[in-house]
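A.B. asks: Sequence:
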Amino acid sequence: MKFFNTVIKRVVSFPVESYTENSNAISNFFFKNDLFQLSILFASRSLYNDVKKNKSDKTNLALNKYFSRAHFNPIPFGLFTSVGSSAWSDRTSLSKSKKTELKVEFDNLYIAEKIVLLHNEDWKNYIYFTNPSIHFLSPEKISFYKSQKSPNGSYETKYVEIDYDEDIQWLLDRFGKGTKIQDVTNDLLKDDFSLTEIDDFLLEIVNAGLIINNVAFNPYSKTTYQHSIPSRLIDQNIHQLETKKDFEHFSKNYIEEQDVYLSEEEIHSTYSHSVSLFEKESDLLDTAIQEKLLKYIKFNVAYNSNHTPITNSILEFGNKFYHSFSDGFIPLSQVFNPYSGLKYSSIQLKSESSLHSDIMAKLLTASSKEVYLSNTKTLENNKNQLPATFNVVFELLNCKTTGKEIVYCKCVTGTSSLNLLSRFNHVSESVCQDIAGFEKEIYGDKIVAEVNMIAKPRASNIISSHQYYDYTIPVNTVHSENSNPIFLSDLYARFNGSGFTLVSKKHQKEIIPRVTSAINYGLSDSEAYRFLADLQSQNNEVHHVNFNLNYYKNIVLPYVPRIYLEDGILLYPAQLLVVNDNYTLDEFKKAVLESVEKNDFSKRVTVTDKKGEIIIDIENDDHLKILFSRFTTTNTIYVSESLYESFLPAITSEEKHYAHEFVASVKNTEFTSIKNTFDIPENPAPQTENVPLLSDWLYFDLGCNPYAQNDILTTLYDTVLSREMADQFFFVRYDHPENHLRVRFRTTSQEIKEQIIKQINKLKTSHLIRNYKILPYEQEVYRYGGKELMKVTESVFSEDSFDTITNIIRNEPNDEETACFSILKIQYYYNFFDFSLDEMILLCDANIDSFSTEFTLSSDLRKELNQKFTAMRNDLENLNYADFLEIPDLKSALKEQLGKSGLIRSNYAGDLIHMSMNRLYDKEQRYNEFKSYYWARLYFNKLKFTGKPN
Numbered sequence: 001m002k003f004f005n006t007v008i009k010r011v012v013s014f015p016v017e018s019y020t021e022n023s024n025a026i027s028n029f030f031f032k033n034d035l036f037q038l039s040i041l042f043a044s045r046s047l048y049n050d051v052k053k054n055k056s057d058k059t060n061l062a063l064n065k066y067f068s069r070a071h072f073n074p075i076p077f078g079l080f081t082s083v084g085s086s087a088w089s090d091r092t093s094l095s096k097s098k099k100t101e102l103k104v105e106f107d108n109l110y111i112a113e114k115i116v117l118l119h120n121e122d123w124k125n126y127i128y129f130t131n132p133s134i135h136f137l138s139p140e141k142i143s144f145y146k147s148q149k150s151p152n153g154s155y156e157t158k159y160v161e162i163d164y165d166e167d168i169q170w171l172l173d174r175f176g177k178g179t180k181i182q183d184v185t186n187d188l189l190k191d192d193f194s195l196t197e198i199d200d201f202l203l204e205i206v207n208a209g210l211i212i213n214n215v216a217f218n219p220y221s222k223t224t225y226q227h228s229i230p231s232r233l234i235d236q237n238i239h240q241l242e243t244k245k246d247f248e249h250f251s252k253n254y255i256e257e258q259d260v261y262l263s264e265e266e267i268h269s270t271y272s273h274s275v276s277l278f279e280k281e282s283d284l285l286d287t288a289i290q291e292k293l294l295k296y297i298k299f300n301v302a303y304n305s306n307h308t309p310i311t312n313s314i315l316e317f318g319n320k321f322y323h324s325f326s327d328g329f330i331p332l333s334q335v336f337n338p339y340s341g342l343k344y345s346s347i348q349l350k351s352e353s354s355l356h357s358d359i360m361a362k363l364l365t366a367s368s369k370e371v372y373l374s375n376t377k378t379l380e381n382n383k384n385q386l387p388a389t390f391n392v393v394f395e396l397l398n399c400k401t402t403g404k405e406i407v408y409c410k411c412v413t414g415t416s417s418l419n420l421l422s423r424f425n426h427v428s429e430s431v432c433q434d435i436a437g438f439e440k441e442i443y444g445d446k447i448v449a450e451v452n453m454i455a456k457p458r459a460s461n462i463i464s465s466h467q468y469y470d471y472t473i474p475v476n477t478v479h480s481e482n483s484n485p486i487f488l489s490d491l492y493a494r495f496n497g498s499g500f501t502l503v504s505k506k507h508q509k510e511i512i513p514r515v516t517s518a519i520n521y522g523l524s525d526s527e528a529y530r531f532l533a534d535l536q537s538q539n540n541e542v543h544h545v546n547f548n549l550n551y552y553k554n555i556v557l558p559y560v561p562r563i564y565l566e567d568g569i570l571l572y573p574a575q576l577l578v579v580n581d582n583y584t585l586d587e588f589k590k591a592v593l594e595s596v597e598k599n600d601f602s603k604r605v606t607v608t609d610k611k612g613e614i615i616i617d618i619e620n621d622d623h624l625k626i627l628f629s630r631f632t633t634t635n636t637i638y639v640s641e642s643l644y645e646s647f648l649p650a651i652t653s654e655e656k657h658y659a660h661e662f663v664a665s666v667k668n669t670e671f672t673s674i675k676n677t678f679d680i681p682e683n684p685a686p687q688t689e690n691v692p693l694l695s696d697w698l699y700f701d702l703g704c705n706p707y708a709q710n711d712i713l714t715t716l717y718d719t720v721l722s723r724e725m726a727d728q729f730f731f732v733r734y735d736h737p738e739n740h741l742r743v744r745f746r747t748t749s750q751e752i753k754e755q756i757i758k759q760i761n762k763l764k765t766s767h768l769i770r771n772y773k774i775l776p777y778e779q780e781v782y783r784y785g786g787k788e789l790m791k792v793t794e795s796v797f798s799e800d801s802f803d804t805i806t807n808i809i810r811n812e813p814n815d816e817e818t819a820c821f822s823i824l825k826i827q828y829y830y831n832f833f834d835f836s837l838d839e840m841i842l843l844c845d846a847n848i849d850s851f852s853t854e855f856t857l858s859s860d861l862r863k864e865l866n867q868k869f870t871a872m873r874n875d876l877e878n879l880n881y882a883d884f885l886e887i888p889d890l891k892s893a894l895k896e897q898l899g900k901s902g903l904i905r906s907n908y909a910g911d912l913i914h915m916s917m918n919r920l921y922d923k924e925q926r927y928n929e930f931k932s933y934y935w936a937r938l939y940f941n942k943l944k945f946t947g948k949p950n
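Residue 388 in full-length UniProt numbering is what sits at position 388 of the sequence shown, and the numbering runs on without skipping anything.
Hints were generated in silico from the structure; no laboratory data involved. One should not assume that every hint holds.
What the hints assert, rightly or not - No farther apart than 30 Å at their CA atoms in a straight line, the calculated lysine-lysine pairs in the DSS-like style are these:
1. 245 to 773
2. 124 to 52
3. 103 to 32
4. 292 to 103
5. 773 to 923
Just so we're clear, the structure is a prediction, and the values are computed from it rather than from any experiment.
All chains, please: the whole structure from these sequences, using the hints.
C.D. replies: Okay, structure coming up:
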């Protein structure tokens, strides 16, 4: 792993020393400090006015929060934080810039409100584009999603269907690349329509959502809105504020513009401008810090790699997808069709996590004020689980006692480094370009495409100002030809059991979706957008180990010491459990002070707020009220020590120290983009229909528990299969949405079908199964190379199913014997495809590697698997198990049809083995398949070096 050269820094506007000096007289600080006064003006005009009027009873609590934020919370918000950059160097040189640049734009929610308010007057002034979500339902009807602004400030998505004709096609073509209403009006006037008729017609299609304007649905942050009253602040855009006169002049202009743009009521509840504070001078960071950050990254991968809530949601949705659609690639328009499609939002994100037992053991046995995790058991990790690029957020501190530098590592974050940095392109443009370039390079011939969706207009203030990747996926936004749009109607998805592949039919390439901003896309009501946004994280998800104990259930430790990874790498401040036993405020204050004294804890503590962390001085009654107010839904809260009691931030100016965060972007040079082969025909073959009871295939879904499955199969063999009632038969085990067994019988006899149904019903009356369904058998023609190869595949499935039941299940093997059968099955399949021994070993390696996104082959697991193989080696050599695939005619037919199909031999063989392992193991099929490949590789290596024939 390597670091991009530019590091973004986020620095609070006021030093920690200022907090101590002014915390008891915040109102005085407000009146004497121009920057703080301006910060409050931007944050809340009503609070600003009330403080000016000395309404202290009304303003104290809110002013306290903003005062704390301005000194300790570096998360960007208005003028409380400035954003700058640093570069890696051979030394560290950090300072708080004396020169700051104030960047002013229109607030995007204000613009959205203005567009709605003046719609009937201004609708002709915009450029309109065809709605990007349009797709054909039939030759006579099209549908699309209309985004309509709701009273709460969000866009609501409504599904619309309209009849399609040549007039609609003319409109789609005319607005396809963006057109002014006047130009279209001029065209229609030539056809002798009256101006009134034209206006009514065009306004109707605007209101219907068939076309969208370039202002409300601009995909980037900088609005194209031309306000009827120009803004001097926005026209100038960048402002240098150095003298008191500069601040007074700027404040006066801002208030005047707000009074023009907003009503008196709006001034107290909304914004007209969006502001950001930037530093232009670049600092230096010693590259020696990188080694500590890499240790922190490895720690998180080692101890939190199993926490993949987004990937788990995708897999859960994938199971619904797999059981809902036929084989092959499915158009997204079909996947999320309102009538018969799926709802991705129905999958609940299970974000709860737990601390690793090794870490908990360290915390429980800690006996000092500090605990070190570096000698905790080291776990192996898989770097390919990390995204191609991601960020590490940290702060540099210096110990007040020793002067030693401490790297306070806060989190590892991001599906891409870009989404956290793009909003700061005023100072981060070069690193953003580098990140996008690296990702495009590492994904090779795949297309990395930005997913553009406006869900909440205010959130547009923090999205990127322009396009970074070569392609875009406009969900509800306008697009230009230069943006290389890939429309939802062109996107197809396929789920293979372990993940989705998303492709463009037009480009015949795999698509890697990217949301290039840090907005909360979960607030959108677009199913397609939420799916695409989550798909970024599929199998490349990283989350830091969260040491804030408020996020965990059932952890009740009265005191938790300061947590270090090792000397010089701080992970989390000390924590103290605060309890409210139905106290009054005075009783609560007494209890908190006693707990602080008992544990020698800092009297200045931090609590997590929805906008970051705020400082609570427990000896300050106003502050204590803030903490006391938190006990509405819980009786226990962990507070953290204020680190600035023991450490000083490394960013300084005039011997003052400023709280901050650095965002270091990492390129994962060990990332490997897995190549998926696919083909989407221009005109897909019609779906094969095996109508229940009428076709040759009789297909049952048997609801049962895993414990019963082998008994069911044995019963079916005794009552149906052994009597040769079916020409072919195969079964598959499933655990979604509940455990069930799928069995398929091939016969042309209606009489035999009736007999089979009676036997299935007996399984229900004897309580071996809960229920059963007779379903249409939709053959996986795409997966298995077409209709002819599908027939051969079904023959292989049938041979494998008969073999598994008669030679294995009926003999009730133990776990060790089952593992031996799995090894030999893999060998027999590879022999069936004429792979050499060396090729078999390579294929096992490839399959083991393909499972690495699900299972980590740690040194402990490797040792365990080696020991088990040693124990089963003699049984394996003496096992009486014949090759069930030694059928020359079947092998010849497969070779012929496989050659015609275009499928890759090794991939196809892997699919057959995957289904065979599913039949063999009655639980944890994927994990057992992973282990079977490992043991098979050991077995093939043994054959190779002993010279025994395979």
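A.B. asks: Could you run down the list of hints and mark each one as holding or not?
C.D. replies: Against the structure, the hints come out as follows:
| no. | hint | in the structure |
| --- | --- | --- |
| 1 | 245 to 773 | 80 Å, violated |
| 2 | 124 to 52 | 43 Å, violated |
| 3 | 103 to 32 | 24 Å, holds |
| 4 | 292 to 103 | 34 Å, violated |
| 5 | 773 to 923 | 22 Å, holds |
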